[in-house]
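*Asks:* Using the sequences provided together with the hints, build the complete structure.
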Amino acid sequence: MNQADTAWMLISTALVLLMTPALAFFYGGLVRSKNALNTMMMSFISLGFVGVLWALIGYSLALTPGSNWIGDMSFAFLNGVGLAETGAIVPLTFPHMLYMAFQGTFCIITAALISGAIVERMRFSAYVIFISLWSIVVYAPVAHWVWGGGWLADMGAWDFAGGTVVHVNAAAAALVAAIVVGKRREYGSQSVLPHSVPFSLLGAGLLWFGWFGFNAGSALVAGPIASLAFVTTMLAPAATLVVWTFLDLMRSGKPTAVGAATAIVVGLVAVTPAAGFISPINAIFLGAIAAVPSYFALIIRAKTSLDDSLDVVAAHGVGGTVGALLTGVFAEKSINGLFDGAIAGNPGQVLIQGTAVLAAFVYSAGASFILLKLIGLVMPLRATVEEEGTGLDITSHGEEAYLHVGGATATRHGSF
Amino acid sequence: MKLIKSIVRPNKVDEVKDALAKLNISGMTVTEVRGHGKQKGHTAIYRGKEYNVSLLPKMEIEIVVPDAIADDAIKAIVGAARTGEIGDGRVFVLPVLESYRIRTGEKES
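For the protein sequence lines, the chains are A and B, in the order given. No gaps in the numbering here: position 26 of the first sequence is 26 in my numbering, and each next residue is one more. To convert a position in the second sequence, counted from 1, into my numbering, add 416.
Please keep in mind that the hints were generated in silico from the structure rather than gathered at the bench. There's no promise every hint is true.
[What the hints assert, rightly or not] Computed Cβ-Cβ distance ranges for the label pairs, DEER-style:
(1) A:344 <-> B:446: 56 to 64 Å
(2) B:509 <-> A:125: 43 to 51 Å
(3) B:508 <-> A:252: 35 to 43 Å
(4) A:185 <-> B:446: 19 to 27 Å
(5) A:80 <-> B:452: 54 to 62 Å
(6) B:517 <-> A:398: 45 to 53 Å
(7) B:448 <-> A:280: 19 to 27 Å
(8) A:189 <-> B:456: 25 to 33 Å
(9) B:500 <-> A:97: 53 to 61 Å
(10) A:48 <-> B:443: 47 to 55 Å
(11) B:448 <-> A:343: 31 to 39 Å
(12) B:448 <-> A:3: 54 to 62 Å
(13) A:334 <-> B:462: 14 to 22 Å
Just so we're clear, the structure is a prediction, and the values are computed from it rather than from any experiment. By construction, the Cβ of each residue, glycine as well, lies at the ideal position given by its N, Cα and C atoms.
*Replies:* Pasting the structure below:
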């Protein structure tokens, strides 16, 4: 047992957990005020449902030896997940139980990420059922393939903190969900604009803060590799932000705030698979390169009828793919002690990385499609025309984000 | 000249704007307002206490048009803002005595 490692992992777990409320702010600011609470709740609710399911069954299915495809039930209901450092699928220097919690925070935010594609029209109950099932049927196996000693790990695919498991995985589900649920009825009209850009900036800032736990925590020790991952997590989004600013300037003459918030997320996504594997200078290159495809993916997506409302695919899918491939380009064994990428003379790594991305994408897209169709048989996936028009805050939650006139609009009945 | 004051559902503003644009009416003032007519509001629940939110969010659209096209404008607004359900809103028409353009100070007829 190493007390420094334990302390760092306690902090990291809390940092990653904070990313889900941060995502709520990032997403919540980008929707119209009538759907602000509903959108934020789509992230917050994952802390509950996915968090509980992870402890009951998800952790066991993801991070036990099992087969090449999925873990087993040996840790179900946290059986054998104790305070000793032994028992987990990887060697630990801190309590196994804390490792379970740390990994749980990843599952929670991955499920919440999907919501960006279906905000402002998916029924809340159908969404909750979808992400709950998704966390078991999709997240757990994909996490097992990469981190649980599954077939992608055997093949030599490297994913430091979850570029494929978290971001490509969520983006594939988001793409399918946006198509199956369908576009917002007012999609394309002028009034579909962010209601609070400051919220989105706040969210992006808190995401960056939490991402230090996500990436540097994924070292699982408070040591040199954690420090490397920390520094690359600082530098890559910085470079993405710089390049994004110039792209904005070239396109519209103005550096936009929504653009800055998006750039930070794209840079963080891209550096995630590479964080502990590449040099800080290459992290700057990685972040800078990653800005370009995501920037243009955003522009192209907006011209299509695909209402991936908050651009989960452009930010997490494209950013995650670019990050995974560039991990196979920039990785250096002299730094990470594990493997080389293309520049250090191992071009085959790029192909392996690409295979992992493709596998996660195809499985997640296919399984998400089936899940949504099955849920669609039992209940409507979409809010009604009237609910969508009024806004999902009032119709789904009975609350409004912004009550005007000092609350004089409401009269209380009942007694204290 | 007539002042046409319409109180519509918030999600109908774009459709009203488009309908008016077809009549070449482009100037308008839009205000977020709250109110109720026959619509009785909705029940909100905060911390387990039920509240009746009687004043619902609406948008008020004000346009000033020559008498000759006022009827067409009213028809366009009613057509664009209607859903057929309670809460679709109201249109009020008021006479306008005078109108001045601030930039030039000139009186418009």
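*Asks:* Would you mind marking each hint as holding or not holding in the structure?
*Replies:* Here is how each hint holds up against the structure:
Look at residue 344 of chain A against residue 446 of chain B: about 60 Å separates their beta carbons, and that is inside 56 to 64 Å. Take residue 509 of chain B and residue 125 of chain A: their Cβ atoms lie about 44 Å apart, and the range 43 to 51 Å holds. With their beta carbons about 40 Å apart, residue 508 of chain B and residue 252 of chain A fall inside the hinted range of 35 to 43 Å. Separated by about 20 Å at the C-beta atoms, residue 185 of chain A and residue 446 of chain B satisfy the suggested range of 19 to 27 Å.
For residue 80 of chain A paired with residue 452 of chain B, a C-beta distance near 59 Å keeps the hint of 54 to 62 Å intact. Between residue 517 of chain B and residue 398 of chain A the beta carbon distance is about 46 Å. The supplied range of 45 to 53 Å therefore holds. A C-beta distance of roughly 49 Å is found between residue 448 of chain B and residue 280 of chain A, which places it outside the suggested range of 19 to 27 Å. Checked against the hint of 25 to 33 Å, the pair residue 189 of chain A and residue 456 of chain B passes, with Cβ atoms roughly 29 Å apart.
Taking 53 to 61 Å as the suggested C-beta distance range, the pair residue 500 of chain B and residue 97 of chain A conforms, at roughly 58 Å. Here the CB-CB span from residue 48 of chain A to residue 443 of chain B is close to 49 Å, well matched to the stated 47 to 55 Å. Range check, residue 448 of chain B to residue 343 of chain A: Cβ separation about 56 Å, and the 31 to 39 Å hint is violated. Our hint of 54 to 62 Å for residue 448 of chain B and residue 3 of chain A holds, since their Cβ atoms are close to 56 Å apart.
In this structure the supplied range 14 to 22 Å is violated for residue 334 of chain A paired with residue 462 of chain B, their Cβ-Cβ distance being about 58 Å.
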